[in-house]
Amino acid sequence: MPQMNMVQAINDALRLEMKRDDRVVVLGEDVGKVGGVFRVTAGLYDEFGEDRVIDTPLSEGGIIGTAIGMALYGLLPIPEIQFGDFIFPAYDQIVSELAKFRYRSGGEYPSKLVIRTPVGGGIRGGHYHSQSPESQFIHVAGLKVVCPTNPYDAKGLLLASIRDPDPVLFFEPKRIYRAAKGEVPEGDYTVPLSKAAVVRPGKHLTVVTWGAMLYEALDAANQAAQKGIEAEVIDLRTLWPLDIDTIVESVKKTGRVVVVHEAPKTCGLGSEVVALINEKCFLHLEAPPARVCGFDTPFPYTLEMEYLPLAHRILPQLVTTAQF
Amino acid sequence: MPQMNMVQAINDALRLEMKRDDRVVVLGEDVGKVGGVFRVTAGLYDEFGEDRVIDTPLSEGGIIGTAIGMALYGLLPIPEIQFGDFIFPAYDQIVSELAKFRYRSGGEYPSKLVIRTPVGGGIRGGHYHSQSPESQFIHVAGLKVVCPTNPYDAKGLLLASIRDPDPVLFFEPKRIYRAAKGEVPEGDYTVPLSKAAVVRPGKHLTVVTWGAMLYEALDAANQAAQKGIEAEVIDLRTLWPLDIDTIVESVKKTGRVVVVHEAPKTCGLGSEVVALINEKCFLHLEAPPARVCGFDTPFPYTLEMEYLPLAHRILPQLVTTAQF
Amino acid sequence: MSATNPTQETKSTNAGSAAEPKSNGGTAVQPTQRGALPGVIHEPIRVIRDDGSLDPAWDPKLSDAQMVALYEQMVRTRIIDERLVTLQRQGRIGFHIGSLGEEATILGSAAACRPQDWIWPCYREFGALLMRGMPLQAYVDNMFGNANDPVKGRQMPDHYSGKPYKFGSVSSPIGTQITQAVGFGWAAKMRKDDLVTLVYFGEGATSSNEFHNGANFAGVFKTPTVFLCRNNGWAISVPAHKQSGSQTFADKAVAYGIHGVRCDGNDLLAVYAATRQAVERAARGEGATLVESLTYRLSGHSTSDDPKAYRKDTEVDAWKSKDPNVRFRAFLDKRGLYDDKRQTTLEEQTAAELADCVKAAEAAPLPSLESMFDDVYAELPWHLREQRAELLAGPRAKGHGH
Amino acid sequence: MSATNPTQETKSTNAGSAAEPKSNGGTAVQPTQRGALPGVIHEPIRVIRDDGSLDPAWDPKLSDAQMVALYEQMVRTRIIDERLVTLQRQGRIGFHIGSLGEEATILGSAAACRPQDWIWPCYREFGALLMRGMPLQAYVDNMFGNANDPVKGRQMPDHYSGKPYKFGSVSSPIGTQITQAVGFGWAAKMRKDDLVTLVYFGEGATSSNEFHNGANFAGVFKTPTVFLCRNNGWAISVPAHKQSGSQTFADKAVAYGIHGVRCDGNDLLAVYAATRQAVERAARGEGATLVESLTYRLSGHSTSDDPKAYRKDTEVDAWKSKDPNVRFRAFLDKRGLYDDKRQTTLEEQTAAELADCVKAAEAAPLPSLESMFDDVYAELPWHLREQRAELLAGPRAKGHGH
Ligand SMILES: Cc1ncc(C[n+]2csc(CCOP(=O)(O)OP(=O)(O)O)c2C)c(N)n1
Ligand SMILES: Cc1ncc(C[n+]2csc(CCOP(=O)(O)OP(=O)(O)O)c2C)c(N)n1
Ligand SMILES: [Mg+2]
Ligand SMILES: [Mg+2]
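Chains as they are written, first to last, in the numbering used here: chain A, 1 to 324; chain B, 1001 to 1324; chain C, 2001 to 2402; chain D, 3001 to 3402.
Hints listed in this document are in silico derivations from the structure and should not be mistaken for laboratory results.
In this text the structure is predicted, and so the values were computed from the model without any measurement.
Beta carbons: idealized from backbone N, C-alpha and C, even for Gly.
Incorrect hints may appear among the rest.
[To be verified] Keeping only pairs whose Cα atoms sit at most 16 Å apart, straight-line, the calculated EDC-like set for lysine to aspartate or glutamate is:
| # | chain 1 | residue 1 | chain 2 | residue 2 |
| --- | --- | --- | --- | --- |
| 1 | D | K3192 | B | D1219 |
| 2 | D | K3222 | B | D1219 |
| 3 | C | K2398 | B | D1219 |
| 4 | C | K2192 | A | E50 |
| 5 | C | K2166 | A | E50 |
| 6 | A | K280 | C | E2072 |
[Stated by the list, open to error] Simulated DEER-style distance windows between Cβ atoms:
| # | chain 1 | residue 1 | chain 2 | residue 2 | range |
| --- | --- | --- | --- | --- | --- |
| 7 | D | K3061 | C | A2309 | 52 to 58 Å |
| 8 | B | P1185 | C | A2309 | 40 to 46 Å |
| 9 | A | D46 | B | R1163 | 55 to 61 Å |
| 10 | C | K2308 | B | R1163 | 33 to 39 Å |
| 11 | A | Q323 | B | Q1226 | 55 to 61 Å |
| 12 | D | K3061 | C | D2317 | 54 to 60 Å |
[Unchecked claim] Some chain B residues well away from chain C (every beta-carbon gap over 10 Å; in silico):
| # | residue |
| --- | --- |
| 13 | S1059 |
| 14 | P1089 |
| 15 | P1165 |
| 16 | P1298 |
| 17 | Y1307 |
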């Protein structure tokens, strides 16, 4: 099996599906000739031509709005937003239109597309090249949100996202675009949506996380293990609808949970995970569910490694929660 | 003291502040001659002229973007978004610009404005005239969010919002625009931001709510009282930064909490309230914190009274939580 | 030109008062001066002359039968519109947003589409939807939001969806349909399907983000799109001349390298001709056209609006005298193609048909509780299954008989 | 006209291939045909002729000293720019986005502002900021994001803020500053302050929502705004002719009823003259102007970009031969106003000054941990006080010496 990084795996998935399904088109700023600023769509323009790999004008609203129209016509557009931070000019098209189209038309117009965009910090991108906007979309009924952490999942989840009947936001943690490497099968396979992965089994407490912070959580868990604390680390993979069963099963076992995410803490997905755990397995809780998150400030430039919930910030919380 | 409804009280606050502070300008769609589609700005155009009460082109991005510019110049704009549902074309200006301006400029450019907009359901407005988008803004660091429930608070909170140094989203629950009436002092007074009101004292459980649902929660609490359950009902008034002390004090007393809000449940502010309670007073909890919210669907038209978390849906949860 | 527009009237006044620009060597003329723009037909197209003859340059050459049929659609639309307002006043429906005075603009343009062309609506185009074949009963069910409503009672009245009739889905946020319609037609072009998309919006919507995005993408990708701007003089209380500094709305075509054309929006044949030319051009692969149809909203913005608060009766009366239905009837009369008897019969039939539909709609059940959770996703995820179960097991809201 | 632009070259080709529109009675010409637009100066203004004389129609009549000073600003900007790229390559700063080749556009336009006028930047205008008076040290501190950085190390390099210099705040999201600048100038107008706002953006930004909103509000409210569109041929890898179907970017003025003008963006005096006219017109209350300055981005989009992936060396070379600094130096030489010695001194001085600043910036401490929480709000709310305490009490990230 070939070794790939995330960029290559996503590229591979796109190529595979574009060959398999001629409804698939890719569009966005700089996705064509140059293959995207992170080179995720590299080579597709040459292989599939400018009608299926489209460089657009500089307008996210235009990209998503026309992609919705294409989808209504029967194509399967995979627009790229150059950075997750630049998705907001298209927010109205996504939350008012894309999310509600099937519902509001009484089922007449399913509007299926997959929006790919790099998210997260750790690349010295400051305010506007670092954010993790998942909860701003999860709150809106009708959208699915996916976030892979490794090349195998990236390819399999992207193929599953494309074939899923609902609109999907596919968030790619850019910090690990090239750092996360692994074996990726050639050819077709999918990783099912809404199934989390228990990446590290453990019995003392549960860590729920996703994206680039998975590696920080694992790092912290390994350090905690040296103190005799065995953390079970869950990679959500699909952020919404999330895999409640895997979370609940783990928390019922451990009685303790820490949620780790990059996005600002307040009204982040972490709060929803905590609230759901309260509803589903309150009586199993032996310590207060805790969150280690980005601080409630804009994403800073110089101090980004202090801002992010890296292993050094996760570890103390694992200890506190385990010893509560 | 004169009797007023919410519309009159807000209008009164605007008039008062426009007289007192000539930096204040009001702008938006139809806010001028016709005084807004809910008549909240009625009479201001005649009194202050078209330079201070400005009918704009149909563009929320233009309204907020120019208002930010005015604020940077030193004016104090109070833009109106005709319905909260139509705030999303301006989402980028609000979350990427307004929220971050002071921070990103190292404090050089505080960008102070108050965005007023009617929110919430119950007026047969369907998908696009009913939503409650608070959590989509609370997640973004730098914004304050206020939501009054009665004319006295509406006037006092609006005056406090205008005089507060930070950008404020002032959400007006349109269902009670005219239904909520009460005595409102003439002249100047403020109701402080970030202070909740304990609207109904009780000892068995705590209800945290805001906006039009306050009245439903009170209705349910009164019905519960007939079953011997005394609910303490807290009206948040300022949704962010919320009054954590009042919540925690109450929950420490009651050990039980139900959060009620109109917005969809998932990643709503209710999840944050639950997560905070977990962090602040977990050991006082005697029952799982619960949420009664709008369902995770687009806001429906015909079935809106089934969608909303009205008294008939709140009451069973109060009983369940109290008897847990 | 009888079909002048309040916008333009105000603008000429503005033009007079504007100061001269410094002209040191440049070739610029005043932005407020009228001038020929590349690709834009400025002088509004008008086809029906006062004497009942047709301008041969633009005569779309419809048969007598076609013209009568179109007239009958206009009348039918008008009657349904007025009746729905009454129903709203009686509290039997919650809301209506109509097309009083804009019938020629809406039906003339929709009729100019070929059967394979798609229509992307704003919210005043129920007449076009009915002409496209949606049964009146389905439309009325939508007005009542009952179980038979094609959108399952999920949206406000007049927020219909008509896929079987090659007709889009209405949503409230202004302008969003414009970009979508561009993408829809673009997809058809990629597929080499012979298909044009006609998208409706008001002149107020030209200020929206999505007008800009849609028109810009249309220009760059030469999509087969007809942008049908109903310039009805008002965006709720905001007059057209406060919506934009451009001389005309058709001028905006220049910014995107698409064609622009203005037409007398109260002249059914002018609207037809202007749209038809745009449809044919798009079908030939020559790109998009922005059609500005000069008309007037004779009613309030919707049943929620009282236009007396912001505009003068004299203005409304002036436009009433240009009523598109009356004008077309007069034209048909001159040609001996129509008479009062036929009109009375049509009106009575429509009223009766509508009354039956209303009766049926009022008798129909509300959408089921379960239906609230369908179609959010293709299948119900666990959280919606739980929420549905909670709703079904819990007590009912007052006044809900489920 | 030597300053033709890749966009326009491509467009003329397009124009030839476009099919004729059906012309049955209308007065329209092809949208792709060149024609005079109301309020738009199409033929790019050029002031410096090949023989070194100035077009008297547009000569801004700067004194020799002014011209030399402006030239020195261009050179200084160029040197700082190149040196910052080197620092980035050495890994000493994280990022730089420069103005190589666009110096005439940026400095000519900024210089045409009056002292009371405000500049709203895009992200390539550090030269204008320095000219406005920001100390080089402060700019370099921003490049390093250290404790002395005026924006406290919170944003990426080149995301400065310059209120003391009547200069706005850089943010990455394309276009947002345009609407803000319009509101800023509008407020000044309300206050009857004699003040114009100049706002910079690239030709790619004309596709953004906010260009549309800003220009539309400017047209309606006649705000004192100069929209300075740096048409540098590229938006990262997207060429200007794929950005919009309009013939020129200045044409877009027509859509908003504002003035439009094009200038040779590599001719310092042409940019000055075009901007100055726009500033004066705005100051006279005659509204906004869209200036399209035809220039070229000689470097990559930023230090993160490799332009070889999407454009030909021949194109770049052609533009190198129109280097604005070289052209202006040649002009000064013809007049005997400058010589190599002065240039060498300037270059050496600038390099030395910069080296000192870099040294100081590298020696400066990082922003304090506490500072991360300041300025989110005017005062720290409880949750930020808690989070600050958590950070201060907790362990440090690797490599942070606090
Ligand atoms: C984004 C958005 N902002 C505001 C509104 C409220 N609104 C509904 S219709 C309307 C005026 C539309 O005017 P125009 O585009 O001219 O269409 P007309 O109603 O005249 O047909 C406004 C402001 C909305 N629906 N969507
Ligand atoms: C809303 C948004 N979308 C995308 C980007 C990424 N981006 C940064 S600069 C740029 C190209 C800008 O081109 P142009 O406006 O011509 O300015 P130039 O860089 O050529 O000066 C893009 C796509 C962004 N910063 N903001
Ligand atoms: Mg209108
Ligand atoms: Mg550019």
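A quick look at each hint next to the structure:
1. D/K3192 with B/D1219: violated, 54 Å
2. D/K3222 with B/D1219: violated, 53 Å
3. C/K2398 with B/D1219: holds, 13 Å
4. C/K2192 with A/E50: holds, 15 Å
5. C/K2166 with A/E50: violated, 28 Å
6. A/K280 with C/E2072: violated, 61 Å
7. D/K3061 with C/A2309: 52 to 58 Å: holds, 54 Å
8. B/P1185 with C/A2309: 40 to 46 Å: Violated: the Cβ-Cβ distance is about 30 Å, outside 40 to 46 Å.
9. A/D46 with B/R1163: 55 to 61 Å: Given a distance of about 60 Å, which is inside 55 to 61 Å, the answer is holds.
10. C/K2308 with B/R1163: 33 to 39 Å: Hint holds: Cβ distance 37 Å, inside 33 to 39 Å.
11. A/Q323 with B/Q1226: 55 to 61 Å: violated, 45 Å
12. D/K3061 with C/D2317: 54 to 60 Å: Taking Cβ atoms as reference, D/K3061 and C/D2317 lie about 57 Å apart, which means the hint holds.
13. S1059: Nearest chain C Cβ is 4 Å from B/S1059, so the label is violated.
14. P1089: violated, 5 Å
15. P1165: Nearest chain C Cβ is 30 Å from B/P1165, so the label holds.
16. P1298: For B/P1298, whose nearest Cβ neighbour in chain C is about 7 Å away, the distance does not exceed 10 Å, so it is violated.
17. Y1307: Violated, since 7 Å does not exceed 10 Å.
Against the hints set out earlier in the document, violations occur for numbers 1, 2, 5, 6, 8, 11, 13, 14, 16 and 17.
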